[in-house]
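**Student:** Required output: the full structure, derived from the provided sequences and hints.
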Amino acid sequence: MAETPKPEELFQNIDHSLPETPWEDVPPDLSEGRFCYPTKKKNLEYLDLPTTTGGEWSPADEQWPIPDNWQEIIHQGFKDRLEKYRSLKVFMDVCVRCGACADKCHFFIGTGDPKNMPVLRAELLRSVYRNDFTRAGKILKKLNRGRPLTKQVLKEWFSYFYQCTECRRCSVYCPYGIDTAEVTMMGRELLSLLGLNINWILEPVANCFRTGNHLGIQPHAFKDMVDFFCDDIEEITGVRINPTFNRKGAEILFITPSGDVFADPGTYSFMGYLLLFEHLGLDYTLSTYASEGGNFGLFTSSEVMKRLNAKMYAEARRLGVKWILGGECGHMWRVIHQYMDTMNGPADFGEIPKSPITGTVFENAASTRMVHITEFTADLIYNNKLKLDTSRNDKHVVTYHDSCNPSRAMGLLDEPRYILKNVCNNFYEMPENTIREQTFCCGSGSGLNTEEIMELRLLGGLPRANAVKYVHDKFGVNMLSCICAIDRAALPPLMDYWVPGVGVTGIHELVGNALIMEGESERTMDLRFEPLNEETEEDADE
Amino acid sequence: MPDKNFQDIVSSRKERWIAKWLDEVMRSYPKESVRFFRDTMDPFANPVGAALRKGVYSLFDVLAAESYDRQAARQALEPMIRVRAIQEMAPSEALGFITQIKSIMAADIKSADTYGQQAAMVRKIGDHSDKALLTAFDLYMECKKHVYTLRAVQARDGVRQLLIKNKLISELPDIDPAVMG
Chain L
1 MAETPKPEEL
11 FQNIDHSLPE
21 TPWEDVPPDL
31 SEGRFCYPTK
41 KKNLEYLDLP
51 TTTGGEWSPA
61 DEQWPIPDNW
71 QEIIHQGFKD
81 RLEKYRSLKV
91 FMDVCVRCGA
101 CADKCHFFIG
111 TGDPKNMPVL
121 RAELLRSVYR
131 NDFTRAGKIL
141 KKLNRGRPLT
151 KQVLKEWFSY
161 FYQCTECRRC
171 SVYCPYGIDT
181 AEVTMMGREL
191 LSLLGLNINW
201 ILEPVANCFR
211 TGNHLGIQPH
221 AFKDMVDFFC
231 DDIEEITGVR
241 INPTFNRKGA
251 EILFITPSGD
261 VFADPGTYSF
271 MGYLLLFEHL
281 GLDYTLSTYA
291 SEGGNFGLFT
301 SSEVMKRLNA
311 KMYAEARRLG
321 VKWILGGECG
331 HMWRVIHQYM
341 DTMNGPADFG
351 EIPKSPITGT
361 VFENAASTRM
371 VHITEFTADL
381 IYNNKLKLDT
391 SRNDKHVVTY
401 HDSCNPSRAM
411 GLLDEPRYIL
421 KNVCNNFYEM
431 PENTIREQTF
441 CCGSGSGLNT
451 EEIMELRLLG
461 GLPRANAVKY
471 VHDKFGVNML
481 SCICAIDRAA
491 LPPLMDYWVP
501 GVGVTGIHEL
511 VGNALIMEGE
521 SERTMDLRFE
531 PLNEETEEDA
541 DE
Chain V
1 MPDKNFQDIV
11 SSRKERWIAK
21 WLDEVMRSYP
31 KESVRFFRDT
41 MDPFANPVGA
51 ALRKGVYSLF
61 DVLAAESYDR
71 QAARQALEPM
81 IRVRAIQEMA
91 PSEALGFITQ
101 IKSIMAADIK
111 SADTYGQQAA
121 MVRKIGDHSD
131 KALLTAFDLY
141 MECKKHVYTL
151 RAVQARDGVR
161 QLLIKNKLIS
171 ELPDIDPAVM
181 G
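Protein chains in written order, with the numbering used here: chain L, 1 to 542; chain V, 1 to 181.
Be a bit skeptical, because a hint or two may be false.
Okay, the calculated beta carbon distance ranges per label pair [said to hold, decoys possible]:
#, chain 1, residue 1, chain 2, residue 2, range
1, L, E20, V, D39, 16 to 22 Å
2, L, N69, V, P91, 41 to 47 Å
3, L, V90, V, Y148, 43 to 49 Å
4, V, D157, L, D29, 26 to 32 Å
5, L, G238, V, Q71, 48 to 54 Å
6, V, D39, L, D29, 21 to 27 Å
7, L, K84, V, L133, 53 to 59 Å
8, L, K141, V, L134, 51 to 57 Å
9, V, Q71, L, E24, 43 to 49 Å
10, V, T149, L, E24, 37 to 43 Å
11, L, Y37, V, A65, 44 to 50 Å
12, V, D157, L, G281, 32 to 38 Å
13, V, K31, L, D68, 35 to 41 Å
14, V, L134, L, A136, 56 to 62 Å
Some chain V residues flagged as far from chain L (calculated, every beta-carbon gap over 10 Å) [as the list claims (entries may be wrong)]:
#, residue
15, F6
16, D8
17, I9
18, R13
19, W17
20, S58
21, S103
22, K124
23, G126
24, D127
Hints listed in this document are in silico derivations from the structure and should not be mistaken for laboratory results.
Glycine residues also receive a C-beta, built at the ideal position from the N, C-alpha and C atoms.
**Tutor:** Spelled out as structure tokens, the structure:
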């Protein structure tokens with residue numbers, strides 16, 4: 001574990017020499033593989049967002065298709081945001097460059113690129129702020145560490161604000177509580193004023209605005225996919241589940257990321273949700289309109305985030321539900337816990353969420369009317385409401401990856417662990433400085449889960465994978481659990497590269513395996529249609 | 001077994017050589033990052049630095065053995081190459097440090113003015129480092145191919161799963177081999 005160095009060792013290591021090239025003079029690397037592809041113009045047009053002045057372009061191009069008065073647009077946008085957000089002004093002013101955050105970013109730890117130190121990434125914006133908006137900066141310019149907004153600075157912004165996953169690990173260590181993720185968010189908002197967005201974010205946003213989910217799954221297809229899960233569940237358990245869609249008068253509206261509907265291994269967690277609700281006889285419904293828990297608006301601008309988020313409340317109000325139950329998602333919970341209430345709340349429908357099974361009132365969700373499924377399930381287990389056979393997960397030696405947003409943005413640390421310890425028999429924690437509030441990001445959050453920057457993602461995910469490798473080697477861990485759809489998509493290739501032999505699962509997949517359903521047939525397969533344990537496989541061979 | 005003199009010379013100078021070798025590895029990174037990679041000892045806070053430090057120690061032992069063991073070299077090199085293959089540097093930069101042990105040893109032996117039998121030792125370790133460079137090249141390409149495969153799989157699966165689940169394409173069903181006879 002962490003070794004505390006002695007003072008004399010620390011003094012020995014202090015290097016007073018200046019860097020060979022000032023950081024301001026090092027141009028960003030915008031070669032192929034080092035940037036996310038820009039968005040297609042149609043996505044911006046569909047959302048009525050500012051567009052670039054040309055057609056298709058690449059960040060590798062010398063000239064970018066931006067209007068002639070681009071500096072004026074950014075300056076005005078920066079000014080507006082400084083006036084609107086007191087927090088941004090504080091974050092720009094208060095940093096003393098103590099360096100506590102410098103070595104906490106997974107991208108810095110993996111790449112060794114100094115501009116991935118959170119302090120320096122924020123300095124990209126701060127230097128322009130100092131130059132343009134402070135009296136000392138206007139007079140002293142470079143002496144006050146200010147710098148004018150040039151095209152190279154703009155390119156730096158695009159490069160480095162899309163090398164930040166907004167995971168907020170650095171903020172945990174900041175003595176001033178600077179939320180560096182919000183600095184990145186502001187940087188992206190400013191870039192967005194010129195139409196400089198990435199496709200992996202804007203396409204889902206446009207899809208979500210049109211069809212209700214990131215993938216652009218239309219209502220009939222959404223229903224077909226859920227029916228398909230029900231067929232699989234019937235084949236595995238013998239129990240037929242018939243969930244309802246868009247049903248008015250249901251007590252609860254269930255919303256989960258669309259990743260759980262279309263991408264393995266999230267789909268198995270969706271099957272786990274369905275089994276859980278059936279087990280309880282829950283009065284719930286699914287929506288084909290509010291069919292997305294995630295909100296890529298968070299990675300675009302506060303205005304877009306607000307627009308996408310509003311559909312949850314609109315649908316809850318339309319259906320007349322009492323409250324909303326939310327599935328295993330990461331950034332969705334940052335939006336709900338930290339922004340929804342001020343953007344679209346307080347909720348003007350329903351009641352303070354109350355578990356119809358245990359009677360527990362979720363006072364923490366009184367204003368948002370939205371409860372995280374691990375809070376809901378942990379409460380069920382605590383009150384002995386679930387019949388569970390933990391041995392069905394015996395082939396898994398499990399560890400838990402605290403997804404950045406539920407852990408750091410809403411403090412959801414113990415509920416997932418409580419569930420895991422009650423649905424499986426083999427659970428091991430990763431080292432202390434890699435879990436809970438100090439958890440390392442998967443390396444692909446905030447819209448960076450795109451294949452063109454695979455190397456960067458693998459480097460960003462290295463600290464997480466390294467901790468998994470430790471428990472894999474020491475305890476034989478073979479399954480990495482998490483409660484985030486982006487994690488479930490990003491961690492499998494990460495494990496494949498760094499720790500082959502470790503699978504990825506959502507927590508409710510393990511819950512679904514363990515649940516003893518009324519009238520079920522003897523289970524021989526798990527929710528992946530794989531034998532429940534190794535012995536069964538061998539038995540089958542015999 | 002290597003002769004005793006050989007081992008004595010190696011063990012008396014090993015730490016010094018490895019420290020210099022690690023410095024050479026670190027030259028690939030910006031100065032600000034070297035401080036972090038070199039000085040942060042917690043392997044969970046600094047996985048790159050830990051992999052490189054451990055890697056050069058293990059690799060030196062492999063090179064100093066009587067004969068070149070390719071499998072042992074692969075094991076020692078793998079954690080380092082897996083990182084450096086995806087960091088932003090040219091292949092020559094990523095792997096070039098391996099043979100730099102030769103010049104580090106040569107300079108030290110020369111300055112110690114004990115040329116002779118030790119020159120043979122330096123040559124042997126140097127020859128092994130040439131072989132290790134080739135082994136590292138194999139590993140480097142394996143890592144690159146691994147990344148390309150991951151990219152291709154992500155691009156393919158993103159579309160394929162949707163098509164299957166929407167029944168827009170139909171896959172061949174699994175056929176029991178027993179039925180196929």
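**Student:** Just pull the numbers of the violated hints for me, sorted ascending.
**Tutor:** No numbers; nothing is violated.
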